[in-house]
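**Student:** With chain F held as given, fit chain E onto it using these hints.
These protein sequence lines are chains F and E, in that order. Heads up: the first sequence runs through residues 7 to 396, numbered per the numbering used here. Heads up: the second sequence runs through residues 7 to 396, numbered per the numbering used here.
It is worth saying that the hints were derived from the structure and are not from the lab. Any given hint could turn out to be false.
No copy is singled out in the list; a pair is fine if it fits within one copy or between any two copies.
Derived lysine to aspartate or glutamate pairs resembling DMTMM-like cross-links, with alpha carbons at most 25 Å apart [stated by the list, open to error]: (1) Lys285 <-> Asp47; (2) Lys185 <-> Asp150; (3) Lys376 <-> Glu324; (4) Lys352 <-> Glu63; (5) Lys246 <-> Glu109; (6) Lys160 <-> Glu235; (7) Lys76 <-> Asp47; (8) Lys26 <-> Glu63; (9) Lys365 <-> Glu264; (10) Lys363 <-> Glu339; (11) Lys285 <-> Glu33; (12) Lys376 <-> Glu77; (13) Lys288 <-> Asp304; (14) Lys285 <-> Glu45; (15) Lys246 <-> Asp127; (16) Lys246 <-> Glu105; (17) Lys243 <-> Asp127; (18) Lys365 <-> Glu339; (19) Lys376 <-> Glu63; (20) Lys363 <-> Asp259; (21) Lys365 <-> Glu63; (22) Lys142 <-> Glu315; (23) Lys363 <-> Glu264; (24) Lys246 <-> Asp108; (25) Lys132 <-> Glu151; (26) Lys132 <-> Glu105; (27) Lys350 <-> Glu63; (28) Lys246 <-> Glu124; (29) Lys245 <-> Asp127; (30) Lys185 <-> Glu326.
Number of protein chains: 2
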Amino acid sequence: MRGRKIKAQTGFWHNAWRYKREEPSLEKILMIPGPCDVEQDVLLEMSRQVVCHYGTEWTNFYNQTCDLVKELLNVAGDVFIVNGSGHLALESMVLALGERNDEIGIVDNGNFSHRMIEILDTYGIKPKVLEIEWGKIVTPEQVDEFLTKNPTVKSLALVHSETSTGVLNPIEEIGRITKKRGIIFAVDAVSSAGIVPIDMESDGIDLCATASQKGIGAPPGLAIVAASEKGLDFIRKRKKPIPGWYASLSIWDKFRREQASFQPYSITMAVNLVFSLNKCLKAIKEEGIAQRYKRHNDIASMLRMGLKELGLNIFCKEAEATPAITVVEIPEEIGTINLINHLKNKYDILIANGLGKLKGRVVRIGHMGKNARLVNIMALLRGIEEFLVQ
Amino acid sequence: MRGRKIKAQTGFWHNAWRYKREEPSLEKILMIPGPCDVEQDVLLEMSRQVVCHYGTEWTNFYNQTCDLVKELLNVAGDVFIVNGSGHLALESMVLALGERNDEIGIVDNGNFSHRMIEILDTYGIKPKVLEIEWGKIVTPEQVDEFLTKNPTVKSLALVHSETSTGVLNPIEEIGRITKKRGIIFAVDAVSSAGIVPIDMESDGIDLCATASQKGIGAPPGLAIVAASEKGLDFIRKRKKPIPGWYASLSIWDKFRREQASFQPYSITMAVNLVFSLNKCLKAIKEEGIAQRYKRHNDIASMLRMGLKELGLNIFCKEAEATPAITVVEIPEEIGTINLINHLKNKYDILIANGLGKLKGRVVRIGHMGKNARLVNIMALLRGIEEFLVQ
Chain F
7 MRGRKIKAQT GFWHNAWRYK REEPSLEKIL MIPGPCDVEQ DVLLEMSRQV VCHYGTEWTN
67 FYNQTCDLVK ELLNVAGDVF IVNGSGHLAL ESMVLALGER NDEIGIVDNG NFSHRMIEIL
127 DTYGIKPKVL EIEWGKIVTP EQVDEFLTKN PTVKSLALVH SETSTGVLNP IEEIGRITKK
187 RGIIFAVDAV SSAGIVPIDM ESDGIDLCAT ASQKGIGAPP GLAIVAASEK GLDFIRKRKK
247 PIPGWYASLS IWDKFRREQA SFQPYSITMA VNLVFSLNKC LKAIKEEGIA QRYKRHNDIA
307 SMLRMGLKEL GLNIFCKEAE ATPAITVVEI PEEIGTINLI NHLKNKYDIL IANGLGKLKG
367 RVVRIGHMGK NARLVNIMAL LRGIEEFLVQ
Chain E
7 MRGRKIKAQT GFWHNAWRYK REEPSLEKIL MIPGPCDVEQ DVLLEMSRQV VCHYGTEWTN
67 FYNQTCDLVK ELLNVAGDVF IVNGSGHLAL ESMVLALGER NDEIGIVDNG NFSHRMIEIL
127 DTYGIKPKVL EIEWGKIVTP EQVDEFLTKN PTVKSLALVH SETSTGVLNP IEEIGRITKK
187 RGIIFAVDAV SSAGIVPIDM ESDGIDLCAT ASQKGIGAPP GLAIVAASEK GLDFIRKRKK
247 PIPGWYASLS IWDKFRREQA SFQPYSITMA VNLVFSLNKC LKAIKEEGIA QRYKRHNDIA
307 SMLRMGLKEL GLNIFCKEAE ATPAITVVEI PEEIGTINLI NHLKNKYDIL IANGLGKLKG
367 RVVRIGHMGK NARLVNIMAL LRGIEEFLVQ
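This is chain F alone, in the form it adopts within the complex (with noise of 0.2 Å):
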């Protein structure tokens, strides 16, 4: 593969590729698997002076800001937006799944689900994993099988896109089986929310979680859950609340429901972030969902085809992958570090090395919000060519 010939190694190419800068710039353009570059309007939000996080002017902004989340996802019960981080989403989704001696069910096929099962074992919570093997979608048969095994599981929680394989689950066909056997469904959208069309309602979701930072396109700093009516009347019929304050859905809802009016929560918020979100928000549904959904699809497409035509293979089937990142196999001799350190000394294009078990083996490049364009994705395999051919 390197030193392969092909035309362009004379004349101009030839010289460019020889190019060495001097100063590398701070600025980097992120085609790593979030956080994401923002667009400048939405950037020039966040420095409007900070205002009080109560009262009618708030509450009006943030609880449109949150039926504007609302519509996106499609769900009738409830929009929580919390300054944190997806984690912070992914905890307060799994942990409001069960009491200590309900049966919680995780399809483990991933750095990012794994993550759900690390995360109730700080709690003392041991989940009935479906383990699927890394880079496999998990499919509606498997989920049928094991929840007919497990009859005791309340509720089921998975990955939608899971960035450290590549693969986007079905969660249509998964929440049709859910709903007939009347589980919680909860799904974790952090890469997929913006990006991937999502119908809590239709799809029988009852809570899902998201953040700021991927396919939203706003800068990190805030968490994001919705639930269903049926999410909500779950966590409200418990017989204990959920543990911890923070984290907890238990209080995140109590406040809404004591105070919406008021302050939603009772936290300061992160006000300038918020502001940045609704103008994300505004902006995806100028573009419109199925545009914007095509136009992720088109543009991972075209990536896989140039990186396939540059001899390298996708980590999973084309037909599982997820619209928002694609997972590439590096092989041994080429190594990740090196691919990536060219990128990101020589054209400020950062891609990420691959996660847990996959470190070393995969690299994964982000194709979200601003950076699913032509420009990024041809400058990014000029730059993978130009490291192969050397």
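**Tutor:** Chain E alone, transformed into the frame defined by chain F:
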């Protein structure tokens, strides 16, 4: 008081007081007990393009920011900065104070110290409580007596500057007692860090919780916890790690030890907020903490003198008051809401109502960071005078 005759009722002042605005501005001057107004150069940091939250460049910047916090609080241990609110910092701190059967001591003399008890309760932990009347500080003698009566108490937590009552608890003297007894000492410095000098080393403070949006002067969204070496050691020597994930100092510390040079904490950091925080910490250093302390003290004294001239009473003893905020008694016939609305609607100045049992009895005026300036308190006093005279 209202209708009291003063010279200013004629001429220019009379007309000014009758002036009615048609359209109030959305932006307010935040003289609430936080968040506070943020300086323009700090706000501009918020609009920088998002950067990656791992790798050498980021780690250097993040660790430098932590070092600035260490310097501010004079602590040799470690500092953790995480996406969250002051509540998250508080929860992380109190949760670290004991295992299931350890006795945790809490001084309860305001809304925020009471919140620590409520937070522990969500984990099924019942601390030993030293209850002090709202509006009074806890004295070193009371602490000494409490610890003598409760020899099993292993750690003690209190709020330094209590924004519900306006008192500043004497942490220096109390630290001397806890140090002598070998007890872990934890301080909520959410509204004191950056305004009142805190010396964790010489005051024997082992854990200190604060946030970005008050005395430090950045926009809201970051929780900050500092730990002394003794504090870190206490956490590391536990039999079982602290429960939970996002709010657990065991988890924060684990990542710090395992990967400080690559990604100090395994969440997607709110990088824009850290840019702003870094800028504020440098500005505090430039102003000089002694000068900054004097500025806050001077402004607090000036404001209180003005309020007393208007016939209003400060809620706590002035010698025991925090320089961060002033809590003022409002006679029932005047009405806190009426005064708050007058200042908001006519002057765009926001002040806050009393919290908990003080609601409707006091107003709370914040004068921290950008707002600890003569121009702010003069405008505020004029607005209050006008309201009282009407």
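**Student:** Hint by hint, say whether it matches the structure.
**Tutor:** So, going through the hints one by one against the coordinates:
no., hint, result
1, Lys285 <-> Asp47, "both (8 Å within a copy, 22 Å between copies)"
2, Lys185 <-> Asp150, "within (12 Å within a copy, 59 Å between copies)"
3, Lys376 <-> Glu324, "within (23 Å within a copy, 54 Å between copies)"
4, Lys352 <-> Glu63, "between (47 Å within a copy, 16 Å between copies)"
5, Lys246 <-> Glu109, "both (16 Å within a copy, 24 Å between copies)"
6, Lys160 <-> Glu235, "within (17 Å within a copy, 44 Å between copies)"
7, Lys76 <-> Asp47, "within (23 Å within a copy, 35 Å between copies)"
8, Lys26 <-> Glu63, "between (53 Å within a copy, 20 Å between copies)"
9, Lys365 <-> Glu264, "between (47 Å within a copy, 16 Å between copies)"
10, Lys363 <-> Glu339, "within (18 Å within a copy, 69 Å between copies)"
11, Lys285 <-> Glu33, "both (23 Å within a copy, 18 Å between copies)"
12, Lys376 <-> Glu77, "within (21 Å within a copy, 38 Å between copies)"
13, Lys288 <-> Asp304, "within (22 Å within a copy, 46 Å between copies)"
14, Lys285 <-> Glu45, "both (10 Å within a copy, 23 Å between copies)"
15, Lys246 <-> Asp127, "both (19 Å within a copy, 12 Å between copies)"
16, Lys246 <-> Glu105, "both (8 Å within a copy, 21 Å between copies)"
17, Lys243 <-> Asp127, "both (23 Å within a copy, 19 Å between copies)"
18, Lys365 <-> Glu339, "within (15 Å within a copy, 69 Å between copies)"
19, Lys376 <-> Glu63, "between (30 Å within a copy, 23 Å between copies)"
20, Lys363 <-> Asp259, "between (38 Å within a copy, 23 Å between copies)"
21, Lys365 <-> Glu63, "between (47 Å within a copy, 21 Å between copies)"
22, Lys142 <-> Glu315, "within (23 Å within a copy, 74 Å between copies)"
23, Lys363 <-> Glu264, "between (46 Å within a copy, 17 Å between copies)"
24, Lys246 <-> Asp108, "both (12 Å within a copy, 23 Å between copies)"
25, Lys132 <-> Glu151, "within (20 Å within a copy, 44 Å between copies)"
26, Lys132 <-> Glu105, "both (11 Å within a copy, 21 Å between copies)"
27, Lys350 <-> Glu63, "between (44 Å within a copy, 12 Å between copies)"
28, Lys246 <-> Glu124, "both (22 Å within a copy, 15 Å between copies)"
29, Lys245 <-> Asp127, "both (21 Å within a copy, 16 Å between copies)"
30, Lys185 <-> Glu326, "within (23 Å within a copy, 60 Å between copies)"
Taken one by one, the earlier hints all hold for this structure without exception.
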